[in-house]
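Participant: Sequence:
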Amino acid sequence: MQLPPAAVLATWPTPNYVDPVTRGNGVLIVNIICISIAFVVTLLRLYTRIFITMTAGTDDILIVISLVFSIAMVVITSVATEQWAYNRHMWDVPIDWLPTIEKLFLAFQIMFSWASTFTKISILWFCRRLLGVGKGLFTVWNWAFIGSMVFVTIDAILFTFITTFQCSPTKAFWEVDPQYPYSCLRDGDIVFAGSVINIFTDFLVTTLPMPLIWSLNLPTRQRLAVISIFALGIVVNVAGSVRTVYAWKSQLTTYDQTWEGWPVLIAASVEINLGLICSSAPALRPLVATFLPSALPSKSMRASSSRQSRSNKLWSSASRSRNSHMAINANPYQEGYENDRFEIMRTVEMATWSETRSENDDITIETESRAVSPEGAERKEWPLVSTSVESRQSLRLSKCGNESPSDDRHDRQ
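full-length UniProt numbering puts the last residue of the sequence shown at 413; the count rises by one with no breaks.
Hints were generated in silico from the structure; no laboratory data involved.
The model shown is predicted, which means the values in this text are computed figures rather than measured ones.
Since no wrong hints were added, every one of them can be taken at face value.
Label-pair ranges, simulated between beta-carbon atoms:
hint, residue 1, residue 2, range
1, 140, 253, 42 to 52 Å
2, 44, 178, 45 to 55 Å
3, 254, 197, 14 to 24 Å
4, 157, 180, 27 to 37 Å
5, 95, 51, 49 to 59 Å
List time: in silico DSS-like cross-link candidates among lysine-lysine, alpha-carbon distance up to 27 Å:
hint, residue 1, residue 2
6, 103, 171
7, 103, 249
8, 171, 249
Glycine is no exception: its CB is placed at the ideal position from the N, C-alpha and C atoms.
With these hints in hand, go ahead and build the complete structure from the sequences.
Facilitator: As structure tokens, this is what we get:
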């Protein structure tokens, strides 16, 4: 760490280490509020995926990892402001505190980078679940999501490596005015460049799923509802832009980095935790359907949720089950046949797949063709349970009155 030039130091006022002017406890307050909301929303997401829809997947693991990095980040920034004077003017910070401040700032940058990265990968992985099994256009979408995940991962790795080893030797980054030979990259350039790339990846992850959602074979109102959930990420983009402005101001236009860099910590907390909240929002609809059915926008969804008053429970599943069976009478992969991924919207959590069954029952999807007996027409039918994207056919769940849920059949209409 190199001290400002002597000409700049000469303009600074006399240090006040006893009763200095500070920015207050804003970072601590914002951190507590944001991480608390993000923590609760993430827990609700996990509860929904594990116990209600039973569709926990890799994207949920990734969001938990992101939450861990977010918690580490807010702890670091809270300690930096409350214990190590990162809310004071630079001239009011004791010189022997500067090495610790620099170490905390380095750790903050790395924690922020990986919290943001795992949130983005979780969203992109979730979008891949929307693709199901398909060909043609959806293969292109699949590679687009994979490519985006690779890009944000490489970006995080490079940023971590460059930030950590920007000085040679590494300790020169935090030691004040080293007296041994050393060389360092300009820290402000690294932070600003990383912030700009982060804005781009935020925008990419926000907008990339929208054309895919619009292509789903759903009513326009439902498609707009799902897109609006993903569009919440625009708020994250705004927070990232604000953080970038303050990063530029604190790192490249002034030597008073502890004072001008204080808003960066607030913007970072808002950005990361909003990302956690927005990425978990699509998964919470079944939770609302279960406990607050009156909040659902359509009568059909409220009707499905009203089944909770009976002994059976509303379940929404995006994974294969073990006990009941499904008959699909057409081969969705034959040439010329449109992509027919079974019940794609179970993953979108829009309650288009709903079935009434006991808590211990599960459903197994069998893709082989199976003849449907004539008596199937006399079976008691449950509500519409399948919507295939870009498909001209749908599936309806039928159940004989004297059969158990493990004997379910699905007839092609």
